[in-house]
Amino acid sequence: MTEIAIQGLTKRYGPQTVVDDLTFTVEPGQVTGFLGPNGAGKSTTMRMILGLAAPTAGSVTVGGRRYGDLPVPLTEVGALLDAGAVHGDRKAYDHLLALAAGSGLPRRRVDEVLARTGIGAAAGKRAGGFSLGMRQRLGIAAALLGDPRALIFDEPVNGLDPEGIRWIRGFMRSLAEEGRAVLVSSHLMHEMALTADRLVVIGRGRLIADTGMGEFMRSRGAGTVLVRAADPGALAPSLTAAGAAVRAGEAGALVVSGMTGEAIGAVAARRGVALSELTPQLPSLEDAFMELTEDSVEYQGAAA
Amino acid sequence: MTAPAVSRTTFAHALRAEWVKFRTLRSSWYTLACLGFVGLGVAALSMSAAGAEYADATPAERLEWDPTALSLRTYLVAQLIIGVLGILVVTSEYATGLMRTSLAATPRRHRLLAAKAVLVAAVAVAAGQVLMFASFLIGQSLLASQATPNAGLGDPGVLPAVAGGGLYLAAIALLATGLAVILRATAGALATLVGVIFLVPALSNLFPAWTQGLFDFWPSIGGAAVMSTVPDPDHPHPWLNLGVMCLGVAAVLVAAFVLFRRRDV
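Top to bottom, those sequences are chains A and B.
So in my numbering, spot 64 of the first sequence is number 64, and the numbers just go up one at a time.
In my numbering, each residue's number is its place in the second sequence (first place is 1) plus 1000.
Hints in this document: simulated from the structure, not taken from any laboratory.
Just to be clear, a hint being listed does not mean it is correct.
[As the list claims (entries may be wrong)] Chain B stretches covered by chain A per the calculated footprint, using a threshold of three residues with CB under 8 Å from any CB of chain A:
{"id": "1", "region": "1009-1016"}
{"id": "2", "region": "1022-1028"}
{"id": "3", "region": "1132-1140"}
[Said to hold, decoys possible] On the chain A side, residues computed to face chain B include the following (Cβ under 7 Å):
{"id": "4", "residue": "Ala53"}
{"id": "5", "residue": "Tyr67"}
{"id": "6", "residue": "Gly68"}
{"id": "7", "residue": "Ala79"}
{"id": "8", "residue": "Asp82"}
{"id": "9", "residue": "Ala85"}
{"id": "10", "residue": "Arg90"}
{"id": "11", "residue": "Ala98"}
{"id": "12", "residue": "Leu99"}
{"id": "13", "residue": "Gly102"}
Note that CB positions come from ideal geometry on N, CA and C, so glycine has one too.
Based on the provided sequences and hints, a complete structural model is requested.
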């Protein structure tokens, strides 16, 4: 069953259309990557899911209901919009306790989410003294309080150190494996490649792509193979003759597409050309993303 | 998965959350401590000079001698501090972004704001009454020690005056909460509150005649008349003045509710 359904969602601020007729769903058991350049409308969309901003047109439902009609919202959707959104003078435990009290959740949930996010030891400390990584964990703990079926994270790895980034990635995967629907926004393509099952790409508020991760990578080119040979001049024509497309790479290397490394090796052996390198290269997701969103970057720099 | 503990959230949950938020901030208790310290300090200082004032007073002035009102004059300063309390309950959440978290947990916005208003009213009524009674008792004992005419709680009109002072302070706290919701920032709300409770009364004589009727119900002027026990010819019905002032506060709160409901956060 679809957890979050977004239908024709539109948000205008005066003459500016921030979200433009957006339609997609967030399914349980998956991490849905919500991708777009800065200012593409990702945060506004998330705020509309949570009823914080009112759509100009269209609708959002969570488990089939409007967010405002959910009987206990925190048990349906947990959200981390901004890790800084805690009062610095309040202790981590009290921050969570207030949220739990507001949703009628038992006090033990506070201890459970503190333990799950690994900040139990800091429960009695004031959030103002937390590092960004700790604040992220506190924000995630708050999102998990109601044991919700859907989770929404807005740029959760922004500003984190590698250790924190790795933890969040693993954590989002495990939440999806528990059967929850996870929506994660990012403007970093490679981040999504590591965590998302599905990709929803938007630019200037419009939907650009809504596809499975694997499908997305395949559709963006099957990849190339970097070949270094003792005599590239002799190898290139043979590869072309065998049906591959060959172009010159850096420092005498060949970039071959349309042929597997195995087949290239066989051709080289037949021609008696010694190979010093044969490296399959994944399609550059960053390039694919740039290509997709090129026209939709809000503030484009002058061509370099 | 754990089943939710309740099948639906209620106003009581929102109110409990507000209470937890209030009591877990040191600033709440600092503000209350400040209210007590400054409020009683002003009462004590002003009353320790009142004996000399009475000694120098003309017989006509002595006729209007109102020891109750004098000991409650500390409300002038106390209303600013209790106003800060009413403001911070709202603006601390806007400043940190916590308002989004609160509204995600309680999407029924009128419920969240009502919980905040009820919390502010409850805290301010309690703190205001304690302060007014303590100020009265300290003030009267200081007057007594200077052998100056003073009042007791059982004297005619004294109890309503003292209790009215506490209610007046609670109304100002709610006014501050309303302004905080409308302006969404501590500085703006505080500046507006100072304008309402200090600047307008100070400048009231400069304003045209048609505005003078408004001052009968204005904070620090007519609205505060209940704290007198000697009839004031300018304000023959002090409780009516306070009542209309409360209606004004209610109007500000209604505007706050409407804006709070409509605005994106």
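Hints, one by one, checked against the model:
Against chain A, the region 1009-1016 of chain B contributes 5 residues with a C-beta closer than 8 Å to a partner C-beta. That satisfies the three-residue criterion, and the hint holds. Judged by the Cβ-Cβ criterion of 8 Å, the region 1022-1028 of chain B is covered by chain A as claimed, because 4 of its residues qualify and three suffice. Counting residues of the region 1132-1140 of chain B whose C-beta lies closer than 8 Å to any C-beta of chain A gives 0; at least three are required, and the coverage claim is violated. The restraint placing Ala53/A at the interface with chain B holds, with a minimum CB-CB distance near 4 Å, inside the 7 Å limit.
Among the interface hints, the one on Tyr67/A holds; its C-beta lies about 6 Å from the nearest C-beta in chain B, closer than the 7 Å criterion. With 7 Å as the threshold, the beta carbon of Gly68/A comes within range of chain B, its nearest partner Cβ sitting at about 4 Å, so the hint holds. A least Cβ separation of about 6 Å between Ala79/A and chain B falls short of the 7 Å threshold, and the interface hint therefore holds. Using the Cβ-Cβ criterion of 7 Å, the hint placing Asp82/A at the interface with chain B is satisfied: the shortest such distance is roughly 5 Å.
A least Cβ separation of about 3 Å between Ala85/A and chain B falls short of the 7 Å threshold, and the interface hint therefore holds. The interface hint given for Arg90/A is met, as the beta carbon of that residue sits about 5 Å from the closest beta carbon of chain B, less than 7 Å. Here the hint on Ala98/A is kept, as its CB sits about 4 Å from the closest CB of chain B, short of 7 Å. With its C-beta approaching chain B no nearer than about 6 Å, Leu99/A sits inside the 7 Å limit, and its interface hint holds.
For Gly102/A, the shortest C-beta to C-beta distance to chain B is roughly 3 Å, which falls under 7 Å, so the interface hint holds.
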